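K.L.:
Residue strings, one per chain:
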Amino acid sequence: DGGITQSPKYLFRKEGQNVTLSCEQNLNHDAMYWYRQDPGQGLRLIYYSQIVNDFQKGDIAEGYSVSREKKESFPLTVTSAQKNPTAFYLCASRPGQGYEQYFGPGTRLTVT
Amino acid sequence: ELKVEQNPLFLSMQEGKNYTIYCNYSTTSDRLYWYRQDPGKSLESLFVLLSNGAVKQEGRLMASLDTKARLSTLHITAAVHDLSATYFCAVDIYPGGSEKLVFGKGTKLTVNP
Chain A
1 DGGITQSPKY LFRKEGQNVT LSCEQNLNHD AMYWYRQDPG QGLRLIYYSQ
51 IVNDFQKGDI AEGYSVSREK KESFPLTVTS AQKNPTAFYL CASRPGQGYE
101 QYFGPGTRLT VT
Chain B
1 ELKVEQNPLF LSMQEGKNYT IYCNYSTTSD RLYWYRQDPG KSLESLFVLL
51 SNGAVKQEGR LMASLDTKAR LSTLHITAAV HDLSATYFCA VDIYPGGSEK
101 LVFGKGTKLT VNP
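Quick mapping for you: the protein sequence lines, in order, are chains A and B. Quick note, the first sequence lines up with residues 1 to 112 if you use my numbering. Quick note, the second sequence lines up with residues 1 to 113 if you use my numbering.
Worth flagging that the hints you see were computed from the coordinates, not collected in a lab. Some clues are possibly wrong.
Stated by the list, open to error - Lysine-lysine pairs mimicking DSBU-like chemistry, simulated, CA-CA at most 30 Å apart:
#	chain 1	residue 1	chain 2	residue 2
1	A	K70	A	K9
2	A	K9	B	K68
3	A	K57	B	K3
4	B	K56	A	K9
Nothing here was measured: the structure is a model prediction, and the numbers come from that model.
Let's have the full structure, built from the sequences with the hints guiding it.
P.N.:
In structure tokens form, the structure reads like this:
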């Protein structure tokens, strides 16, 4: 089955710890994206990558880091510098211009 | 900076009624997308609108795009409970040659029996 997987589904961390969220796709899509969603809010773009070994900051990149070493994988690290990390994180990929983004199932991160 | 505004943000309607959700955006774009999100779930693509005058229909939902007015509408016909969800529109922009989507805040639709 082709698709986007995110793991884990739920993640709990203590304040001050870095945590990495996984995103893998086997759709052969070039572009991948990370979004954050807070309760009752829309999606805000954290980082995106159009090709391997290249990525751009989105609207709320502070306190986050990413890498794109393989086409299939785009992990997101939430660092201790992120002031309010508790949120629902969604990864997406896209085959190219004019196509919609396809979303993974999401990871719900809770930091206490 | 591109702004995408949806209204209403909350919509409660009775089964069998019709209603329209509006999506306005502030800069030129000819690509607009509609998504559905159920509570606690991910986003599901509903419609891709790629040109002025584009109209797409699926079941009780119909989406249209007017790029000159920078407006898209999502029309609901004879609503049923299963349509209860949050609906997002998103617009393509191209900063520095790359591409990204900017999302509206979403319209939470509740269809009551």
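K.L.:
For the pair supplied as a hint, K57 (chain A) and K3 (chain B), confirm whether the alpha-carbon distance does not exceed 30 Å.
P.N.:
Judged against 30 Å, a Cα distance of about 18 Å means the pair holds.
K.L.:
Has the given pair, K70 (chain A) with K9 (chain A), been kept, meaning a C-alpha gap of at most 30 Å?
P.N.:
Given that 30 Å is the threshold and the Cα spacing comes to 22 Å, the pair holds.
K.L.:
Do the alpha carbons of K56 (chain B) and K9 (chain A) lie within 30 Å of each other, as the hint requires?
P.N.:
violated (33 Å)
K.L.:
Are the Cα atoms of K9 (chain A) and K68 (chain B) separated by 30 Å or less?
P.N.:
Not OK: K9 (chain A) and K68 (chain B) at ~41 Å, beyond 30 Å, violated.
Hint compliance for this structure: hints 2 and 4 are broken, all remaining hints hold.
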